[in-house]
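Asker: Spelled out, the chains give:
There are 2 protein chains.
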Amino acid sequence: MTNFRLNIEYDGSRFSGWQKQGNTDNTIQGKLENVLNKMTGEDIEIHGSGRTDAGVHALGQVANFKSNTNMNTDEILDYLNEYLPLDIRVKSVEIAAPRFHARLNACSKHYRYTIDNGRVANVFMRKYMTRSTDTYNLDAMKKAADFLIGEHDFKSFCDNKRMKKSTVRTIEKIDISYNDGILTMDFYGNGFLYHMVRILTGTLLNVGTGKINPDDIPDIIDAKSREAAGFTAPPQGLMLVEVTY
Amino acid sequence: MTNFRLNIEYDGSRFSGWQKQGNTDNTIQGKLENVLNKMTGEDIEIHGSGRTDAGVHALGQVANFKSNTNMNTDEILDYLNEYLPLDIRVKSVEIAAPRFHARLNACSKHYRYTIDNGRVANVFMRKYMTRSTDTYNLDAMKKAADFLIGEHDFKSFCDNKRMKKSTVRTIEKIDISYNDGILTMDFYGNGFLYHMVRILTGTLLNVGTGKINPDDIPDIIDAKSREAAGFTAPPQGLMLVEVTY
Chain A
6 MTNFRLNIEY
16 DGSRFSGWQK
26 QGNTDNTIQG
36 KLENVLNKMT
46 GEDIEIHGSG
56 RTDAGVHALG
66 QVANFKSNTN
76 MNTDEILDYL
86 NEYLPLDIRV
96 KSVEIAAPRF
106 HARLNACSKH
116 YRYTIDNGRV
126 ANVFMRKYMT
136 RSTDTYNLDA
146 MKKAADFLIG
156 EHDFKSFCDN
166 KRMKKSTVRT
176 IEKIDISYND
186 GILTMDFYGN
196 GFLYHMVRIL
206 TGTLLNVGTG
216 KINPDDIPDI
226 IDAKSREAAG
236 FTAPPQGLML
246 VEVTY
Chain B
6 MTNFRLNIEY
16 DGSRFSGWQK
26 QGNTDNTIQG
36 KLENVLNKMT
46 GEDIEIHGSG
56 RTDAGVHALG
66 QVANFKSNTN
76 MNTDEILDYL
86 NEYLPLDIRV
96 KSVEIAAPRF
106 HARLNACSKH
116 YRYTIDNGRV
126 ANVFMRKYMT
136 RSTDTYNLDA
146 MKKAADFLIG
156 EHDFKSFCDN
166 KRMKKSTVRT
176 IEKIDISYND
186 GILTMDFYGN
196 GFLYHMVRIL
206 TGTLLNVGTG
216 KINPDDIPDI
226 IDAKSREAAG
236 FTAPPQGLML
246 VEVTY
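So the protein lines, in turn, are chains A and B. For the first sequence, the residue numbers in this note's numbering are 6 to 250. For the second sequence, the residue numbers in this note's numbering are 6 to 250.
Same shape as in the complex, but just chain A (with noise of 0.2 Å):
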């Protein structure tokens, strides 16, 4: 068997996220899958680095999978491409060492949210940003954001009430800047949990506008209550960026 990593690039707006949810399958996970199937004759298991979100895009998503195909990498790529829909592209295709698992190994991620915020809307990345006109205070941004940095038990900002497993996570970074009209808010951390980076993001917009006031910050980390955050932002702005192992 080899282990092969992929490397995924996807706009997430038709899909029901990456995870594959049985047989009404419009997921990115299955539409890999039944490629990968129909390729190699096997019944092929991919492994994202982790699940996106319905409506949630991917400039680098990682996936690794095991096969006895004699292809080669090459070919890999050109047959994954040439039967996908064009809303997903495999953009290499690597042998992996044997025991690489793509979410079991990722040690950071990096996710970028994207506010279309200009006087006027733009029209051709229209389906990859949210559209707001509030107006944003990213001193107040950037002072929030300083609060969540490090490590902390996220719990306020996940969307699974069922969740058993630690919420304890660790944010290495979030950048904010504003161009042209474009607030864009950088998230690099060792994981995220369900919703958390829309949280944040809702949390941070909440700061921008005045209904949440950055200096609260620690408090909303210690409530431990989902309740005490802000909203969750839609998904369309939200993109993977970058994987690191």
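Be aware that one or more of the hints could be misleading.
The list makes no distinction among identical chains, and a pair is therefore deemed to hold if it is satisfied within one copy or across any two copies.
Subject to a maximum C-alpha distance of 27 Å in a straight line, what follows is the list of computed DSSO-like cross-link-like pairs (lysine-lysine) [said to hold, decoys possible]: (1) LYS147 <-> LYS216; (2) LYS96 <-> LYS216; (3) LYS96 <-> LYS132; (4) LYS132 <-> LYS36; (5) LYS71 <-> LYS96; (6) LYS216 <-> LYS178; (7) LYS229 <-> LYS169; (8) LYS178 <-> LYS132; (9) LYS43 <-> LYS229.
Since the hints were derived computationally from the structure, they do not count as laboratory data.
Mind docking chain B on chain A? Use the hints.
Answerer: Showing chain B alone in chain A's frame:
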């Protein structure tokens, strides 16, 4: 009557082009006039700088219309963007000189044709580029482009066989560049005939793949026959970038 000038951005993918077509109206001009009629209660006629074909996009189409409205330019901008579909945005509304006419006064137009020529197709810009995995000889294309610069009778590059008006136009500049698998052709000229940019593009692509010798371009121009030139490149890779006055 006040003469208003609009700067308009649109994703042409789902439209039948700029120019209004009677009642079965799925055109950019038609959408704009419908909203303007509703806004003013008048029967507005809007003049674009030129038609764009079905499927062609614009970053900066210019148009003008006359109205007795008492609304100011900010109010018009907001009204239009509230009622237009999201794939058409009005980027600015200005008061123009009474005799300003978007088509008759246009001095120069800049069109861009983009080919996605990378090993793997781009997901996010897929609707705004034409996909091709051919290998292009850029030096040959640039040599061919040099022959096209200047004032010529471009009848060979016009898909309107019944064209009765002059087919003489001036191409000021053609820039051909290649970065990260993206082939970009920028055309600047005082006016373009029906399908002219797409036929220029198809001809240059045919030169790039060796089907046409760059030294044959003067003969192709001289032939004054559509059959002499290359193919009509598909619309989705074409963008009207800017109109100058």
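Asker: All hints, please: hold or fail.
Answerer: How the hints compare with the structure:
1. In this assembly of identical chains, LYS147 and LYS216 lie within 27 Å of each other by CA distance solely inside one copy; the values are 15 Å within and 57 Å between copies.
2. Taking CA atoms no more than 27 Å apart as the test, LYS96 paired with LYS216 passes in neither setting, with 41 Å inside one copy and 30 Å between copies.
3. For the identical chains of this complex, LYS96 and LYS132 are neighbours both inside a copy (21 Å) and across copies (18 Å), given an alpha-carbon limit of 27 Å.
4. In the homo-oligomer, the alpha carbons of LYS132 and LYS36 lie at most 27 Å apart both inside one protomer (21 Å) and across protomers (21 Å), since each shortest distance falls under that limit.
5. Taking the closest pair of Cα atoms, LYS71 and LYS96 come within 27 Å of each other only inside a single copy of the chain (18 Å); across copies the shortest separation is 51 Å, beyond that limit.
6. Only within a single protomer do LYS216 and LYS178 lie at most 27 Å apart by alpha-carbon distance; the minimum there is 23 Å, versus 53 Å between protomers.
7. In this assembly of identical chains, LYS229 and LYS169 lie within 27 Å of each other by CA distance solely inside one copy; the values are 13 Å within and 75 Å between copies.
8. Taking the shortest Cα distances, LYS178 and LYS132 sit within 27 Å of each other inside one copy (26 Å), while across copies they are farther apart (33 Å).
9. In this assembly of identical chains, the alpha carbons of LYS43 and LYS229 never lie at most 27 Å apart, being 46 Å within a copy and 52 Å across copies at closest.
Hints 2, 9, counting from the list given before, are not met by this structure.
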